[in-house]
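2 protein chains.
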Amino acid sequence: MGKERLIYLPLGGAGEIGMNAYVYGYGAPGKERLILVDLGVTFPDMDGSPGVDLIFPDMSWLIERADRLEAVFVTHAHEDHVGALAQFWGELRVPVHARAFTANIARRKLEERGYPDDTVTTASAWPEQIKAGPFVVRFLPVSHSIPESSALVIDSPAGRVVHSGDFKLDPTPVVGEPFDPDLWAEVCENGVQALICDSTNVFTPHPGRSELEVGPAIEKLVSKARGLVCATTFASNVARVKTLAEAGQRAGRSVVLLGRAMRRMIEAAVETGVLTDFPKTVSPEDAGDIPRDNLMLLVTGSQGERRAASAQLARSKYRGLELAEGDLFLFSSKTIPGNERGVIRIINQLSEKGVDVVDDSSGLYHVSGHANRPDLERLHDTVKPRMVIPMHGEHRHLRAHSNLARDRGYASALAVNGTMLDLSGNTPKVAEYVETGRSYLDGSVRIGALDGIVRDRIRLALNGLITISIILDEENEPLGEPWCELKGLPEMGSSAAPLVDVLEEDLDQFLRRANSKTLADDDALENDLRRIARQTALEEIGRKPEVTVTISRIQ
Amino acid sequence: MGKERLIYLPLGGAGEIGMNAYVYGYGAPGKERLILVDLGVTFPDMDGSPGVDLIFPDMSWLIERADRLEAVFVTHAHEDHVGALAQFWGELRVPVHARAFTANIARRKLEERGYPDDTVTTASAWPEQIKAGPFVVRFLPVSHSIPESSALVIDSPAGRVVHSGDFKLDPTPVVGEPFDPDLWAEVCENGVQALICDSTNVFTPHPGRSELEVGPAIEKLVSKARGLVCATTFASNVARVKTLAEAGQRAGRSVVLLGRAMRRMIEAAVETGVLTDFPKTVSPEDAGDIPRDNLMLLVTGSQGERRAASAQLARSKYRGLELAEGDLFLFSSKTIPGNERGVIRIINQLSEKGVDVVDDSSGLYHVSGHANRPDLERLHDTVKPRMVIPMHGEHRHLRAHSNLARDRGYASALAVNGTMLDLSGNTPKVAEYVETGRSYLDGSVRIGALDGIVRDRIRLALNGLITISIILDEENEPLGEPWCELKGLPEMGSSAAPLVDVLEEDLDQFLRRANSKTLADDDALENDLRRIARQTALEEIGRKPEVTVTISRIQ
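The listed protein sequences derive, respectively, from chains A and B. At position 180 of the first sequence the residue is numbered 180 (the working numbering), and the sequence of numbers has no breaks. At position 115 of the second sequence the residue is numbered 115 (the working numbering), and the sequence of numbers has no breaks.
Do not take every clue at face value.
Below 30 Å or equal to it, Euclidean Cα-Cα: the simulated DSSO-like pairs (lysine-lysine) are [said to hold, decoys possible]:
1. 544/A / 544/B
2. 353/B / 429/A
3. 334/A / 353/A
Here are the computed distance ranges between Cβ atoms for each label pair [claimed, not checked]:
4. 205/B / 33/A: 55 to 63 Å
5. 452/B / 495/A: 15 to 23 Å
6. 409/B / 361/A: 21 to 29 Å
7. 522/A / 452/B: 32 to 40 Å
8. 362/B / 523/A: 52 to 60 Å
9. 260/B / 63/A: 42 to 50 Å
10. 91/B / 523/A: 44 to 52 Å
11. 185/A / 403/B: 48 to 56 Å
12. 261/A / 362/B: 29 to 37 Å
13. 261/A / 478/B: 45 to 53 Å
14. 112/B / 539/A: 16 to 24 Å
None of these hints come from the bench; they were simulated from the model. Just so you know, even glycine gets a beta-carbon here, dropped at the ideal spot from N, CA and C.
Looking at chain A on its own, in the form it has when it is part of the complex:
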């Protein structure tokens, strides 16, 4: 049996921004007792995962070792950190720890799936200790774009690890605790073995700006507006929602929250006491009685999501409210790369309605929730760890962050999902590579990303489909002619005859000439029918569709 060691294993979040899931372990190799930090989702797109509802990390490795798992700790309530918890909890069945606001959100998710009330334990911030096997864990407050975001201070016999969570260094975050450099320095003064650190904004060269800075600009914009004002941001950015609501209130506007997430987040923030003085809101129904220029709508859908309130308002009405010429629509948000098309679609629809759109291109109405490059340097130097391990980033972010740390004198390693690091020594060492990947929530079923199901859907979308049915009698003679149906294919091809007729004719000719051996062999027959159909389609319409063949034999 080997020497006891401290390990770190990202199962998600190291190789993408999204679906965070980080395992820590301590013990003899293969017998480490484990904790899990965060269990999040990422979102599907039409390019790579059409029809999929949510994307999770493949948690097989941990599920197979659930007997070694002590607890789950959730750093904050963003979907990419907590969104998969309810999906996998039934296979893990260990206590979950989170601070009040995060716990409130996590509990709602677990309750929806019928899990017991006491699954999530509400933790207090530092210095409260939570014991989990060989670990002692504390929640160390840090500023981000959601209330009560926390770093985790994870003590083990091999030393202290600081897991940053998502963070920025904000002295005035409007809602929640400011970054407290003195507390951080105190926590770290006796030496930190490893800092596992958010990498999202490593490419942003200037220091981050405070949440407080956007208030005056938003207030000025809203005070000058004449028609209805509608603003969107992430609902979980409670500080921003508060800033927007207060700007509306000061301009004499009644505030309306639109979209399920918007109402739920504010509710959670009020319930847990992190939000104490939010302006009174009116319901969409009551808003109908208020003059348009006295209304301020705060809506979901800052990323152009098709079903969110912003998209619905851009298309037509939403809950009786409608935007019109001279209204103002504010994106108090940044478009996440990949979401541009959806956001631009909304802006153009609003333009067609004569609505004036203000986005963040001026930099006035939004600040990021993540630490920029100089902020990362500052955190490194506050924590002064023996090693910096970048997490929460695509490969390019992890690589740049790792290089930054090394250039400034810290040991570092670029560990993507599945890379198990031994953090026990003076430098991080790769202990093992573990198979990882993605799983999909597809309707109500969890499927593997590599099962071929979604690949088939992409092929259908790119190539269209021909369905062929033939019937053979007891002597393997065709009964009637082959029957074709098309899906997603042009009706007419180069012969200027319906494609379906040309296909049926060609397949019929083949069947008439086919020898008895082929006709008796389902596989051979299917292959030949498919090959002929694809060849005919190529000649007629210039593409090779997918083909489904049904051979029925009458006995």
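Since chain A is already given, all that's left is putting chain B on it; use the hints.
The following block gives chain B in isolation, referenced to the frame of chain A:
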């Protein structure tokens, strides 16, 4: 018969950036003689047009009036201005006019489809006149990101129209003519009825920068590089390709052009004399004999296109060349909104190889080819038209540009595709709304965007497919059991039995109980089978798939 009038009708390009196609006409209403300016494509995406090869404007309106069309004028050789010419020329059959470089590119496209050599007439720049019915047209040079881009000066009995084409105001464009403010003022001094003007960069607040400015920064970057250097930009940006090649040459590197478009564009520029002193290049094969740190690759695929040289180099090898740790990859380009995912994929793949990627986030290595807001103001005031009609933009661009013009004292109108304007008076007036849209090149077939073909493909991708086959005998009794096939669907559902078995069982039960009237009626039977299959799927896998039903009746 009404009074003669001057009309403007965008069929593409006014409502999107892409697929430009602008009609001008002069004559009595409904009898105007017409000219067409540009005939371009736009590019499909997985979200809205999966499987489609190219997107064209719907040219039906013009094709139905081809007898009134005098000529086509092409402002420059970008695909969104010339890419659909060959596709539609057979239905228009009128002379095409373009300057030498543009004509070279257009001719290659027409020749590929077997159209005669003399289809395209090479035009000289201002003051050469081209007569086309009631119009006299001249090519007025303007700077852009491709050689010999031109505005068109279109004279009619109702006055002079200046159609800007795509443009920027560049005094030092490296290749091609600088913007000549004196010539422009002279052209416009006797009064311009209307300026039809590029809107792409109306949201960019600062004046545009010259192509010449990027040279020193690129040269510095390349001179410091140690490994192989690879740079990508639009191949048609001949000036940029030259700047990059020269930076390589000065650093003692041999230049390799990779990607078909890269070689073709440089060839066209040399053939037509717009490019006279391009550094000598070596073939990819010969590059194998040259030390890596003496190589400079100039490659296609700046927008992350999956099949372009950049994507292939990021994935693995391309034509024997391979990138490695310590190499430099430069995006001397801006990512067009919507292409972010593809570009980021490449950057991450390069990061995995240890290649250092430099993009344009610093603003040092790329300048835009379009006029920014202050440049638009300058052009308006140089041309001093009676009216400014924004073109080449999404709705938001056209609206902002139109507001800008009006705020500064010009009459204006926001005319999206299909809006026919009468430009004859003091202000633009809507004369008519014409039905427009998009057509797709789908394999070798041209289909309509609203034909339902692509919609079906999107549904297949989002929902998956169940194929049902049943056979009925002469008495309408089922012969054997129903047969199902799945495409793009999970194999197992909530019953923990194969979905296909559960479906077949439910459908079989239905068939056993179905009354003789239903069994005799194909439509009723199909509807019932579809409904049951969808309901079963919903219970089993939480989604309602597409369903294809084949009912075979044995006679």
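Now for the hints, and whether the structure bears them out:
1. For the given pair, residue 544/A sits about 27 Å from residue 544/B by alpha-carbon distance, which is consistent with the 30 Å threshold.
2. Restraint check for residue 353/B and residue 429/A: the C-alpha separation of about 20 Å stays at or below 30 Å, so the hint holds.
3. At most 30 Å may separate the alpha-carbon atoms for a hinted pair to count; residue 334/A and residue 353/A meet this at roughly 23 Å.
4. Separation of residue 205/B from residue 33/A is about 57 Å and conforms to the stated range, judged on CB atoms against 55 to 63 Å.
5. Between residue 452/B and residue 495/A the beta carbon distance is about 21 Å. The supplied range of 15 to 23 Å therefore holds.
6. The supplied range of 21 to 29 Å is met by residue 409/B and residue 361/A, whose beta-carbon atoms lie about 26 Å from each other.
7. One distance hint, 32 to 40 Å for the beta-carbon pair residue 522/A and residue 452/B, holds here, with the actual separation near 33 Å.
8. At roughly 59 Å, the beta carbons of residue 362/B and residue 523/A sit within the given window of 52 to 60 Å.
9. For residue 260/B and residue 63/A, the Cβ-Cβ distance of about 49 Å falls inside the hinted range of 42 to 50 Å, so the restraint holds.
10. Our hint of 44 to 52 Å for residue 91/B and residue 523/A holds, since their Cβ atoms are close to 46 Å apart.
11. At about 53 Å, the beta-carbon gap between residue 185/A and residue 403/B stays in the expected band of 48 to 56 Å.
12. Between residue 261/A and residue 362/B the CB atoms are about 36 Å apart, so this pair conforms to the stated range of 29 to 37 Å.
13. At roughly 49 Å, the beta-carbon separation of residue 261/A and residue 478/B lies within the given 45 to 53 Å, and the hint holds.
14. Taken as a hint, the range 16 to 24 Å holds for the pair residue 112/B and residue 539/A, whose Cβ atoms sit roughly 19 Å apart.
Going down the numbered hints, you'll see the structure goes against none, and every one checks out.
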